[in-house]
Amino acid sequence: MNATTATRMPADWRDFFALTKPGVMRLVIFTGLCGLLAAPGHIHPVIGFTAILCIALGAGGSAVLNQWWEAEIDAGMKRTANRPLPAGRMHPVDARDFGIALSVASVALMGVAVGWLAASILAVAIVYYAVVYTMWLKPRTPQNIVIGGGAGAFPPMIGWVAVTGDITAMPLLLFAIIFFWTPPHFWALALFVKSDYAKVGIPMMPVVAGERATRRQILAYSILLVPIAGAPWFIGGTGALYGVTALALSLAFLALSVPVAFREAGEGDAMKPEKRLFAYSILYLFALFAALVVDALARQQGWFA
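Note that full-length UniProt numbering gives residue 144 to position 144 of the sequence shown, counting from 1, and the numbers run on in steps of one.
Some hints could be false.
[As the list claims (entries may be wrong)] Simulated pairs of lysine-lysine, DSSO-like, Cα-Cα distance not exceeding 30 angstroms:
(1) K21 - K272
(2) K199 - K272
(3) K194 - K272
(4) K194 - K275
Hint data in this document are derived by calculation from the structure and do not stem from the laboratory.
Owing to the predicted nature of the structure, the values given are computational and were not obtained by experimental measurement.
Start from the sequences and build out the full structure, keeping to the hints where you can.
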């Protein structure tokens with residue numbers, strides 16, 4: 001894909017770094033690290049560091065490929081117009097090659113240093129985001145975020161598998177938590193930037209189905225998130241520390257989604273409910289996975305025995 005800007009300035013390292021979406025990568029690295037730290041068993045610190053590095057490289061590579069493919073779309077949206085490609089600071093071929101190099105290197109290093117099961121899941125995550133979501137789902141269906149949510153749900157599973165070497169119910173539940181968290185998180189954002197998506201023809205839920213339907217679906221997914229977030233405790237995979245924290249955080253998430261669901265268009269509010277929910281949703285995921293790690297450490301040390 002070609003950016004719309006004809007005149008290009010030389011890119012520097014900051015532009016390459018910006019292509020990896022460092023803000024998103026922080027959450028990816030954190031959830032991957034939490035999956036690794038909470039998993040039963042032992043992993044050498046150097047191997048553990050390598051696993052997290054590979055998750056970061058893979059996430060960065062898929063983000064670069066996402067921006068390479070969507071350069072013209074990004075140029076048409078105020079929120080993304082200053083990214084390196086639409087702003088004309090980088091040639092698309094350089095971005096594409098950078099994204100491919102990061103992606104291939106992350107999978108190869110994960111396979112050689114950590115294990116090929118973890119590497120295979122990482123490869124699936126990269127293809128899922130860069131191809132299935134970016135190239136296929138996003139421009140074609142308002143369910144893009146629902147189905148594409150799997151892309152961001154892989155990191156804790158990869159971290160867990162890096163330690164254990166197998167897939168059990170717990171990493172699948174960690175995947176499910178992020179999968180069901182993604183729609184209300186992203187649709188809350190989409191509600192207050194929907195004009196950008198409408199302008200470039202991306203069929204996000206608020207654009208295609210309207211605000212009312214989007215708000216009701218945010219509530220529906222928030223309701224589902226409560227038992228799913230508590231499921232690791234229900235099956236005995238965690239202790240009460242995680243379980244109580246997960247239920248409290250999820251009920252607060254649900255409480256914040258209620259005014260989003262029943263807010264009518266045009267109602268005045270200096271801080272719209274969807275903006276409050278979006279801000280909380282980020283804190284929610286950090287706090288939930290931090291509780292997972294603290295609970296695992298507490299049980300290992302026998303603090304609640």
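* Okay, which hints does this one fail, numbers in order? -> none
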